[in-house]
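Engineer: Required output: the full structure, derived from the provided sequences and hints.
Here the protein sequences come in this chain order: H and Y. Per the numbering used here, residue 94 is the first one in the first sequence, and the count goes up by one each step. Per the numbering used here, residue 406 is the first one in the second sequence, and the count goes up by one each step.
Hints listed in this document are in silico derivations from the structure and should not be mistaken for laboratory results. Even glycine gets a Cβ: it sits at the ideal position worked out from N, Cα and C. A portion of the hints provided could be inaccurate.
Here are some, though not all, of the chain H residues that point toward chain Y, as calculated from beta-carbon distances under 8 Å [what the hints assert, rightly or not]:
1) Phe142
2) Gln143
3) Gly145
4) Leu149
5) Pro151
6) Ile154
7) Phe309
8) Pro322
9) Asn354
10) Gln434
11) Lys453
In silico BS3-like links for lysine-lysine, alpha-carbon gap of 25 Å or less [as the list claims (entries may be wrong)]:
12) Lys384/H / Lys395/H
13) Lys525/Y / Lys453/Y
14) Lys453/Y / Lys543/Y
15) Lys359/H / Lys257/H
16) Lys543/Y / Lys204/H
17) Lys453/H / Lys650/Y
18) Lys566/Y / Lys426/Y
19) Lys566/Y / Lys650/Y
20) Lys538/Y / Lys426/Y
21) Lys650/Y / Lys114/H
22) Lys359/H / Lys261/H
23) Lys712/Y / Lys453/H
For reference, the chains in residue letters:
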Amino acid sequence: MQQSLLADMDRTSHDPALCRKLLDHLSALLQGRSLRFMEVCGTHTVSIFQSGLRSLLPANITHLSGPGCPVCVTHEEELATLMVLAEIPDLVLATFGDLLRVPGPSGKTLKHFRASGSDIRIVYSPLDALNLARSMPTREVVFAGIGFETTAPAVAAAILTARKEHIKNFSVLSFHKLVMPALESLIAENANIDAFLLPGHVATITGLSPFLPLAFKYGKPAAIGGFEPTDILMALIKIAEMPDKPDIRNAYPRAVAADGNPTARKIMADVFEICDAKWRGLGPIPDSGLKIKWDQYDALRKFSPRVPPAPAPAGCKCGEILKGLLQPPQCPLFGRACSPQSPIGPCMVSTEGSCAAWYKYGELPS
Amino acid sequence: MNETVLLDAGSGGRASQRLIKDIFHRHFHNDLLDSMDDAALLAPPPGKLAMSTDSHTVTPLFFAGGSIGTLAINGTVNDVSMLAAAPLWLTCAFIIEEGLPLETLNAVAADMALAAAEAKVKIVSGDTKVVPKGACDKLFVNTAGIGQVLVSDPPGGAKIKNGDAILVSGSMGDHGMAILAAREDLSFLSDAHSDCAPLSALVFNLVTQVSPIHALRDPTRGGLATTLNELAEQSNVCMEIYEDKIPVTPSVLEGCSFLGLDPLYLANEGKCICILPNALAEQALQAMRNSPHGENAAIIGHVTERKPGTVILHTRMGGQRYLGMLEGALLPRIC
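Structural biologist: Structure (structure tokens):
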């Protein structure tokens, strides 16, 4: 088998001896103190479970999974809107793959809509959706824009390109969300979080500054972390190093510059304005969403979909779980009425959700 | 050859005859098929027979490392082989969408003939139907196969015992990644090649050199993870496997890393899982490694009593977690 740089990096970042050293160092730094940390990125959630890191963390460290999975925090009303648009004849709905299996308020998923004739295409980038619009000039193409600061700049770039090329049959449902307002909202409801493992992908765009209030206003130390087990351990070590003087540290400097990516932020600012947004499980959060500046590219204003009321499912504790107030198995529905085969709440829907990760990887017998 | 298959070709008349003669008979002919009777006359060998059938549909029809033709032959050859049987005869049935270029059909039949020759199996009977445009997606192929069981106590999913060793015949996830790369036109995954291959020679060597083998299974759809879970449930045992022992090629690893997929859930079309008493593990490993399509075989774990009905993965970093079944279809993630 041929050699590969990525395969080499991958080996190092999972190296058992290195991971053991980092774990021992982390334990020594904590010296019996407990640490309840929350990550707010679906990729962190999956990596911590999938790599087996969770099974190796010392007993005094508690891992909480916050609102970091874009599919999980897409509000019921937003899903209902997607489904209303999917039923418009001749309209093409372009979406990232993992939105396809999320049930809307009616219990149906976009897969059901596709099976009954809606034209729903999986794309890998908003530019793919723009290409669809170019190739089908007589049909309206709507891109389902969900995700955080990581995905928003690429969507903004697609809209700018459409504007420049006068492509009129392309628009976006902008359900993008901003991470920091959600963190502030959940700190207000849960004082029992000691520290945050911050999302490396988001920070490549935002840089460190939006997160500073975590340390200096709320007294919570935080570190930006990459996604391999050694990256996550390095970030936890940074957190453990500052018990008395909370600060924001960058433990992912190979990808994250202190100032993030100003070009990407400029494109975002050109296309979007900040607006209030509804988060599934968390409810409305002021100034936590992004709205497109121009009517023509905003599918909400272009098609004015009439969306029926979309209540949250009864009995579901996903809100408490996203806020770190409960762990998934403490929800009465977990593993009984709610499982990945028939998910009820948002955290069980996406493979990056904390309930789905608990269900799938679980707690092992000794 | 710019012609296409017309509905007439499914009518049973002269047009059908031409299709059969010019394409199928030309590629598949052998002493049993040449009789051109309604059924093949077979002389069964002594002992037990294994029989299996599989219908094949794949988009695109041709991909790096194979085609619907190679899949149709190898799929059934491998299913029959998993009962420790030597495949002897296959039937094949084509459902063709009207308008399919004859050249495409010819290329598929040529692939099937080559695959059948490698697997030393004869195509002894066939059928063709042409359906109106839109009634099927280009071409569906069904094959059924019969093989001679080579051992007195053939392997089975319910025969696995505590303490057994778990082996795979090579790298995992190649077929799934190749199909994904071709279907989605992912040019950066150009190294991804399907592993589509017949396992009949490998299985012959294995079952004639090592005994007893408790279970043999090919981890096709759902990949290694799903197949091991099925076996763990069938035998009510716990499978503990080691991530760093499971062969995965760099191109599959890179593709999975980019798309957020796990190679252990990607389909294989030329690999098998072999489970047998631990004392025989090294012998089985050598038998596989000395066989075609088995060079990268590996011992990946053991059967225990820890939590019956589950699969536990010992991760590369030294942690542990459950390895569950595939839930729904694999979909690339957002970021």
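Engineer: Work down the list of hints and note, for each, if the structure agrees.
Structural biologist: Now for the hints, and whether the structure bears them out:
{"no.": "1", "hint": "Phe142", "result": "holds, 6 Å"}
{"no.": "2", "hint": "Gln143", "result": "holds, 7 Å"}
{"no.": "3", "hint": "Gly145", "result": "holds, 2 Å"}
{"no.": "4", "hint": "Leu149", "result": "holds, 5 Å"}
{"no.": "5", "hint": "Pro151", "result": "violated, 13 Å"}
{"no.": "6", "hint": "Ile154", "result": "violated, 14 Å"}
{"no.": "7", "hint": "Phe309", "result": "violated, 28 Å"}
{"no.": "8", "hint": "Pro322", "result": "holds, 5 Å"}
{"no.": "9", "hint": "Asn354", "result": "violated, 14 Å"}
{"no.": "10", "hint": "Gln434", "result": "holds, 7 Å"}
{"no.": "11", "hint": "Lys453", "result": "holds, 5 Å"}
{"no.": "12", "hint": "Lys384/H / Lys395/H", "result": "holds, 13 Å"}
{"no.": "13", "hint": "Lys525/Y / Lys453/Y", "result": "holds, 19 Å"}
{"no.": "14", "hint": "Lys453/Y / Lys543/Y", "result": "violated, 37 Å"}
{"no.": "15", "hint": "Lys359/H / Lys257/H", "result": "holds, 17 Å"}
{"no.": "16", "hint": "Lys543/Y / Lys204/H", "result": "holds, 23 Å"}
{"no.": "17", "hint": "Lys453/H / Lys650/Y", "result": "holds, 22 Å"}
{"no.": "18", "hint": "Lys566/Y / Lys426/Y", "result": "violated, 51 Å"}
{"no.": "19", "hint": "Lys566/Y / Lys650/Y", "result": "holds, 21 Å"}
{"no.": "20", "hint": "Lys538/Y / Lys426/Y", "result": "holds, 24 Å"}
{"no.": "21", "hint": "Lys650/Y / Lys114/H", "result": "holds, 22 Å"}
{"no.": "22", "hint": "Lys359/H / Lys261/H", "result": "holds, 23 Å"}
{"no.": "23", "hint": "Lys712/Y / Lys453/H", "result": "holds, 15 Å"}
Checked against the numbered hints above, the structure violates hints 5, 6, 7, 9, 14 and 18; every other hint is satisfied.
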